[in-house]
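Based on the hints, put chain R in the right spot on chain B.
Number of protein chains: 2
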Amino acid sequence: MSPKITTELLKQLRQVMKNPRFVQEPVQAYIVPSGDAHQSEYIAPCDCRRAFISGFDGSAGTAIVTEQHAAMWTDGRYFLQAAHQMDSNWTLMKMGLKDTPTQEDWLVSVLPEGSKVGVDPFIIPADQWKRMSKVLRSAGHDLVPVKENLIDTIWTDCPQRPCKPLITLDLSYTGVSWRDKIVALRSKMAERKVMWFVVTALDEVAWLFNLRGSDVEYNPVFFAYAIIGMNTIRLFIDGDRMMDPAVREHLQLDSTLEPEFKIQVMPYGSILSELQAVGAGLSPKEKVWLSDKASYALTEAIPKAYRYLTPYTPICIAKAVKNAVETEGMRRAHIKDAVALCELFNWLEKEVPKGTVTEIVAADKAEEFRSQQKDFVELSFATISSTGPNGAIIHYKPVPETNRTLSVNEIYLLDSGAQYKDGTTDVTRTMHFGTPSAYEKECFTYVLKGHIAVSAAIFPNGTKGHLLDSFARSALWDCGLDYLHGTGHGVGSFLNVHEGPCGISYKTFADEPLEAGMIVSDEPGYYEDGSFGIRIENVVLVIPAETKYNFKNRGSLTFEPLTLVPIQTKMIDVSLLTEKECNWVNEYHRKCREVVGAELERQGRHEALRWLLRETEPVARGQ
Amino acid sequence: MSPKITTELLKQLRQVMKNPRFVQEPVQAYIVPSGDAHQSEYIAPCDCRRAFISGFDGSAGTAIVTEQHAAMWTDGRYFLQAAHQMDSNWTLMKMGLKDTPTQEDWLVSVLPEGSKVGVDPFIIPADQWKRMSKVLRSAGHDLVPVKENLIDTIWTDCPQRPCKPLITLDLSYTGVSWRDKIVALRSKMAERKVMWFVVTALDEVAWLFNLRGSDVEYNPVFFAYAIIGMNTIRLFIDGDRMMDPAVREHLQLDSTLEPEFKIQVMPYGSILSELQAVGAGLSPKEKVWLSDKASYALTEAIPKAYRYLTPYTPICIAKAVKNAVETEGMRRAHIKDAVALCELFNWLEKEVPKGTVTEIVAADKAEEFRSQQKDFVELSFATISSTGPNGAIIHYKPVPETNRTLSVNEIYLLDSGAQYKDGTTDVTRTMHFGTPSAYEKECFTYVLKGHIAVSAAIFPNGTKGHLLDSFARSALWDCGLDYLHGTGHGVGSFLNVHEGPCGISYKTFADEPLEAGMIVSDEPGYYEDGSFGIRIENVVLVIPAETKYNFKNRGSLTFEPLTLVPIQTKMIDVSLLTEKECNWVNEYHRKCREVVGAELERQGRHEALRWLLRETEPVARGQ
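Here the protein sequences line up with chains B and R, keeping their order.
Okay, so the first sequence: first residue is 40 according to my numbering, each after it adds one.
Okay, so the second sequence: first residue is 40 according to my numbering, each after it adds one.
What the hints contain is simulated information worked out from the structure, not anything from laboratory work.
Hints should not be assumed to be uniformly reliable.
The list makes no distinction among identical chains, and a pair is therefore deemed to hold if it is satisfied within one copy or across any two copies.
[As the list claims (entries may be wrong)] Okay, derived cross-link-like pairs now, EDC-like style, lysine to aspartate or glutamate, Cα gap no bigger than 16 Å in a straight line:
#  : residue 1 : residue 2
1  : 50        : 313
2  : 587       : 481
3  : 480       : 640
4  : 326       : 638
5  : 503       : 554
6  : 460       : 367
7  : 324       : 152
8  : 173       : 568
9  : 591       : 567
10 : 587       : 567
11 : 591       : 568
12 : 436       : 638
13 : 480       : 612
14 : 137       : 551
15 : 609       : 407
Looking at chain B on its own, in the form it has when it is part of the complex (with noise of 0.2 Å):
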């Protein structure tokens, strides 16, 4: 990775921050956030702003551009990263270190009195433009939106906004109809006494109507916004996409409806004009609710009286519970990516004493064997393929410049997922295709006793995710160890692999009460810097528990592995595990044997079958 040379068009994005056909007064600061205009995690190449100003291409970072300085903001996941890809015009600011001002501190540090700040408002969410506005006033300067994008006005090779074709899902795969899913919803709106609710993130507008696309890599979303009135329905979609029949029957929009389910259909870039006009048609005590995430463009077009605003909307939490033909789906989808996994596993055992399996033909294998499995899609994000000292780089991703060869010396930390139409994997292993040492070991077992301790613990109905994350920690915590990372997210249902409202986190962020049929991701990890990375990571789903008792008849949950892939023995020193813990581990290597084992045997994969069944040997306190 060597640095994008940037002085070129840092003086250029200068030049246009001060271009009377762009500003309607100059900007003395450009702010150039990470996201799209649906605060998306994952972005198509044309929102790629920041790493197309900076050369940091990491997944969180915001860019700063005054009249002197050029700055980034990102996390401790990134800081490697970022300062490798950018040259020396950018200063990187570490966020989560004790001495890093914030945004709006460091601007307020350098700005000339009376500054005005640009950002493009469909970029940063209302919540944010909120604080940062505040802060930034109180110092005596504005936080003014730009509406033309002014890294697009510099970017000339910029690329075209994909619209790609549509997928439709029917009921053998939502077990929801979207018609019934916009009854829930209006049902939701009445309780909060709601007219209008505005879905802006893509996940939930492709959830909400039952559609998945490809417009942006790993998330099977494409751009779209919608409104939803007690009457009416607004769809805002670009190109040719809705001239094909089967999403026309889908959406039934050549069929006579009872006019409130009539979805009208309208261009992408019509949203703030179509909103614009619900917010001035607004009568008295007419409220339209938007996620407090929603762009500072599309919440101003609501005037400020009748705004509903929430940290999460009612489809991102209608969609975090799955349903039972969703449930299966992603149990589905599961043991197809075990049955993957399986025949890597074993491909590698054989092949990574030969010297030749680099990280990058090794995730590349991993997505060969995926996409043998029915009704694979695509990648549900970029593959984690690392050996040795890269395992230690938390979110890596292998490049031909970092490119190692596995071998018999080093672990070796595969996490990576798939999209299929029945469901969102995400599974990580550790492996050693040689003699592990005692520390290795050690370290893995520590980490594996957290993974047992949150996926088998039991809890009381209502508990919030963040009450789970120690029981991560607790084994790597007894010896001075720990990890720099959540232990789980939300992860979707032929969707989005990382969605709210619920997780796993020490960071005490609002999510929502867990409860059955959510599904989250358990993974803890250990990390050392320059030697190895080992992280054990299972989807599970909530699912009520049995317990002795019952207080308050609140009920308790626990969760169910739906990853079924061997945790590797060789790794866990057992003598460091509790009896229970052990069982665990054999309870476990059953049901994989049982359940990948019967769809191996199916697939008349049997090399892989007998490399399962070796793999979930029970493991015994006694060796």
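Just chain R, lined up with the frame of chain B:
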């Protein structure tokens, strides 16, 4: 407990709500919060306005009276008590239940358009004012400050504000002089570029000046404010307490001092006008530091642009980290406290079978034994002495109407503590003086496992207490049980038994990270309504932990119990303990024997010593 009849009082209050003598314009609602002008948890009788108007005298609750309604918000600890103490004029609003409206939402739902909602600006914290005012304004109402407290206008026999003599604490108790505390405070102020600091919490004033008082029961504080400038010290305090030669000497009021350490003593009631004068005289960039929980009245005295508000003040944070002298004092206090409790439990064991010991008798006896100890000042909170079903009332305090006789058939729960000049104690033990049932033992053992899980936890430096809360619940959760309160609170050093900024709770309040020297309680419980209550509480000191590794050189912490009172082994189902837990119990009891045994011996309390020796016999899992 028969309810207080409030019909006439409410009539009078509704009259003064419209009386131009007291309100500029009529108010359609009047809020009566719990607190005093210092946002104290424990308040003086003259500040018990909410109890006066409603009859409900629990420690937490907010009353709101409108022309038509009277409603009381309180939390789960007090649902029963509030329901008993209030008459039918009042509606109980059960906080924490899903369908309970917030105060703001309720006001919006009941008030006629364009209403005024009054509140005493000295009693409502600024952050709460802000939140409430915003919601009310957006619904077309106004929150207005009512200078004269309307309850006081109808409270004809309101007690006088206490003004008791002060206690001076020398270095052998505090470890640091008030001058050095001022120096440290000013350096924190300089760091944040703040010119003034306003001390509004009573325990912060007491701590800063190394003074104690007895204006409020259980909390050794006195009514005062202070304004600390970079070169000035103003102490606002009433009465002839400043005539006491010991106090004058302690504060060096008559010495020739550098001007920046000269204390100007001013009347308590002059804080507002003095602070307004400070506010009026500020140059640009001169900020004034206040807690965001300081009263609205004081916060408003400083123009908005000049306020520097934080959830925790530098005094709150400094006060929480006990120095070596304070820690030694706390140790001594806990040894004396243990001596008193060994005497008590030995006495109870003999007396309970006679059927003559009531909850009140036991509480009085505990106080009697404590008062025999050196430097005893008073109790640190109202003793919770509860047997059988009363034990399930979490914040029970025995009164003649509920006073139950201890017996050999019921569990007895004693949660009590004292103020000694060298430290503050708070300990809960749950005992059975006959033969506990298997179920009682089972529940006790889960609670004990939770207590040990927190006490023995090892966690990285910088960990916040709320991340430890689930450790205390895990054993209970496994069986479907739980308890509906936090696990621990900060404990003052001869100061308030509950103090910020740290604690252990599932509520993710803004707790500060735990650090060595902080002192918190560890008190999981289990409560079976109508049957029994179990709680095991130690006060524990945060200390550095020795660990095998040291991730990123962060260092680790753990807890050392300061409380050294035997945990009744008769109540333990040893078969449910792990070996590690069993060892913890035996090691704890070994330490009780060694440390408290020596003190019992020194004090010649041989019978209690024999009780201690018997109660601290090791347990074995083979039993």
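What hints, given by number in increasing order, does this structure fail?
1, 3, 4, 8, 12, 15
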